[in-house]
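Undergrad: These are the residues of each chain, in order.
Protein chains: 2
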Amino acid sequence: MKTRIINARILTMEEGSEIFEGEIRIDGSRITYVGAPAETDEVFDSVIDAKRNLVLPGFKNAHTHSAMTFLRSSADDLPLLQWLNEQVFPFEAKLTADDIYSLSKLAILEYVTSGITSVMEMYMQPEAIAQAFDEMGMRVVQVGAANNFSQSTELVEHWYKTLNGKSELTGFRIGFHAEYTCSEDFIERIADIAERNRQPVFTHISEGQPEVDECIGRYGMTPVAFLAKKGVFRYGGAGYHLVHTTPEDIEILKENRIAVVTNSGSNMKLASGIAPIEDYLRAGIPVAIGTDGPASNNCLDIFREMFLTTGMAKLRAGSAAAVPAREVLKMVTCNAAKIMTIPDADVLAPGKLADLVMIDLNQPNMQPINKIDCNLVYSGSKQNVMMTMVHGRILYDQFDGRQNYHFDREPEEIYEVCQKIRDRILG
Amino acid sequence: MKTRIINARILTMEEGSEIFEGEIRIDGSRITYVGAPAETDEVFDSVIDAKRNLVLPGFKNAHTHSAMTFLRSSADDLPLLQWLNEQVFPFEAKLTADDIYSLSKLAILEYVTSGITSVMEMYMQPEAIAQAFDEMGMRVVQVGAANNFSQSTELVEHWYKTLNGKSELTGFRIGFHAEYTCSEDFIERIADIAERNRQPVFTHISEGQPEVDECIGRYGMTPVAFLAKKGVFRYGGAGYHLVHTTPEDIEILKENRIAVVTNSGSNMKLASGIAPIEDYLRAGIPVAIGTDGPASNNCLDIFREMFLTTGMAKLRAGSAAAVPAREVLKMVTCNAAKIMTIPDADVLAPGKLADLVMIDLNQPNMQPINKIDCNLVYSGSKQNVMMTMVHGRILYDQFDGRQNYHFDREPEEIYEVCQKIRDRILG
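Protein chains in written order, with this note's numbering: chain V, 11 to 437; chain C, 11 to 437.
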């Protein structure tokens with residue numbers, strides 16, 4: 011399948027790149043040309059006229075729990091611990107692998123509507139999840155969610171060894187749930203697995219202040235300091251949330267090449283706090299953005315996350331100049347690709363993966379045309395997503411003004427199955 | 011024109027109301043029936059099958075500067091004063107009445123896409139603005155923006171006397187820009203006008219801490235205390251922003267029946283701070299929500315504002331339980347209608363204005379169906395707006411999956427005119 015996208019405004023997201031008008035050519039899953047319009051003898055299966063709309067790398071959602079769709083809006087406005095213990099854990103215990111497969115598909119429908127082309131996923135039943143993403147043509151990198159109560163370090167290593175290389179779209183990396191759900195011994199075993207396989211590690215870190223205080227009570231140090239001391243990040247990795255960190259933590263993150271995945275909507279809705287994003291950027295720590303799961307957010311909308319990430323940073327700094335728009339776009343494209351270990355999904359360039367989005371500029375919220383990159387971050391919405399392409403395949407478009415999903419099942423079929431799951435579990 | 015909406019999930023927003031399944035009948039600009047499905051001999055010009063989607067009162071945007079669309083995303087990530095003095099005031103000075111007329115129309119296109127059915131507007135050239143809204147069939151209540159440098163108290167009273175009663179869709183109320191742009195003498199004259207006409211007054215109050223500190227320096231009291239002491243709010247009114255207030259201020263707001271219009275997105279993007287919304291609600295002060303103008307927000311999306319209003323309150327309180335979803339829905343419907351002096355646009359009931367929205371629940375972000383009102387606030391987006399009706403007329407719909415605007419001019423014509431205005435003024 012060869013595709014040519016002509017008449018596009020293009021933002022490659024390469025270092026220092028500016029928007030220019032040109033074309034993009036795709037052969038199979040890879041980009042073959044990005045540049046000025048040019049004559050070619052090549053024959054294309056499909057030519058898409060972008061009509062001067064914007065094309066840029068697809069948005070990456072660097073932390074989510076997709077299958078939690080079944081809990082969306084079932085229990086909001088509750089304090090964090092009450093919510094987790096009464097409204098999340100008891101219901102999650104009732105999920106089957108089949109449920110997780112279907113609930114993940116519902117999340118994928120939502121991802122493509124906001125231009126998300128890949129996600130970093132942490133949940134249970136990773137085989138079922140890999141199958142759901144692979145069937146829908148969506149890129150996913152899963153990480154282990156192991157902890158004292160669910161999964162095991164052996165399973166994490168098993169999945170690492172068996173779930174990679176099965177499909178070009180799905181991968182699996184070493185991960186565990188969090189310091190506060192894992193014993194010291196458990197964490198040492200994770201560090202051993204990472205060492206043995208020379209792999210980065212991914213985990214929740216320092217989402218709430220109580221979690222940090224408890225860790226200090228247990229080990230006399232913060233979660234960041236403790237996990238680094240245990241050798242978990244000998245090959246780097248990333249921490250999800252990292253809301254409550256000290257200047258010393260930030261030094262440790264930098265020294266250990268631990269990236270930050272911020273989850274602004276979830277941190278806001280659960281009142282976890284505002285992460286020190288500006289401090290991370292100043293320290294040269296790479297930052298990406300995740301929606302977190304739909305039970306805590308409650309939507310899977312990268313546009314809302316982009317606005318919140320800069321907005322919350324501005325509030326924390328007391329300065330409208332904090333974390334400008336272009337920094338946010340880096341977070342959801344090139345930074346995220348590196349952090350999520352899919353480096354070929356970072357920018358638009360020959361040889362890179364054809365994971366990209368087209369943004370409709372002919373909508374009231376994008377008019378008049380001023381600075382397009384700022385407009386995308388401060389005013390963009392799902393309604394501006396004209397096309398979501400993953401691995402060279404269009405999964406979603408609004409070319410004719412309608413929402414067209416290109417999957418083997420209609421959205422309504424997936425809604426119906428998920429409603430039944432919700433009704434069975436929540437009653 | 012008689013319209014019947016059948017097969018709807020209905021949320022009337024009357025005190026204590028729950029969602030039920032039924033129908034709504036409309037005759038001209040008014041609702042004639044809301045309730046269970048029932049036989050009728052009435053003949054309707056139009057019957058709309060809501061297909062079990064949600065119908066509720068239209069969203070009200072209680073503070074905006076519509077025509078600032080021309081500055082959207084032209085200068086972001088700048089400190090507030092630098093932004094105002096270098097990037098806003100010099101360009102606003104170049105606007106003609108014709109410009110403001112067209113730029114307001116661009117904003118109206120955007121309002122209807124997020125289900126906004128009326129706005130409280132503060133800008134220059136109110137005759138031109140009234141004409142734009144009237145022509146497009148959109149409801150507006152304008153307020154004076156008078157200050158030492160623009161407009162005058164005489165003009166405000168003149169507009170109050172001449173701009174009301176011209177159209178059922180447009181009104182004008184007493185207002186002035188802010189304490190910090192008006193002399194003491196000016197503010198006294200505003201108070202006199204309000205007294206003479208027995209009218210509430212609307213103005214920006216305590217948006218930033220420097221503004222509060224300067225007022226204390228000038229008069230030895232906060233803006234809230236000073237304006238109340240001057241008798242500005244003898245007939246009530248509302249303050250826009252009210253981010254930086256003391257417990258004493260909150261007492262004064264309550265005693266003087268001064269409502270609060272919060273502008274979460276703008277306060278976040280300009281790093282103004284987080285308003286104490288929970289404190290206002292606890293004191294029984296009515297709260298509504300405004301987008302503020304598109305130069306500071308940058309979009310005019312009531313869904314984003316709803317999420318931010320509760321989210322920022324949760325962050326400020328350090329509690330996920332702060333300002334629950336239903337409170338937010340009240341703010342953008344019944345509370346706003348009262349504050350904006352259009353009391354008949356508050357709820358769905360016989361005799362009330364037919365200003366309403368239909369929300370598409372068959373989208374991934376609204377599935378599965380759990381608590382629909384929570385879903386609307388925490389997960390809703392413009393893409394869920396299936397219909398926006400003002401004064402009994404459908405201004406926008408997505409019944410066939412496409413965005414259908416029902417105005418006498420195509421969006422593209424409005425975009426083109428506004429782009430020319432932007433290019434002329436910003437170069």
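Simulated from the structure, these hints should not be mistaken for lab results. Beta carbons are placed, not taken as given, at the ideal position from N, Cα and C, and that holds for glycine. Treat the hints with care, since some could be wrong.
[What the hints assert, rightly or not] Residues from chain V that face chain C, not an exhaustive set, calculated with beta carbons under 8 Å:
#1 D86
#2 P220
#3 E224
#4 G227
#5 G230
#6 K279
#7 F317
#8 N372
#9 Q377
#10 P378
#11 Q413
#12 H416
Undergrad: Compare the structure with each hint and give your call.
TA: For each hint, the structure was consulted:
1. D86: With Cβ-Cβ at 5 Å, under 8 Å, it holds.
2. P220: violated, 11 Å
3. E224: violated, 17 Å
4. G227: Violated, because the Cβ-Cβ distance from G227 (chain V) to chain C comes to roughly 20 Å (cut-off 8 Å).
5. G230: violated, 26 Å
6. K279: This hint holds: K279 (chain V) lies near chain C, its Cβ roughly 6 Å from the closest one there, short of 8 Å.
7. F317: holds, 7 Å
8. N372: Status holds, d = 7 Å.
9. Q377: holds, 5 Å
10. P378: Holds: closest Cβ of chain C sits about 4 Å from P378 (chain V), inside 8 Å.
11. Q413: At 6 Å from the nearest chain C Cβ, Q413 (chain V) passes the 8 Å test, so the hint holds.
12. H416: violated, 14 Å
Consistency with the previously given hints fails for numbers 2, 3, 4, 5, 12, ordered from lowest to highest.
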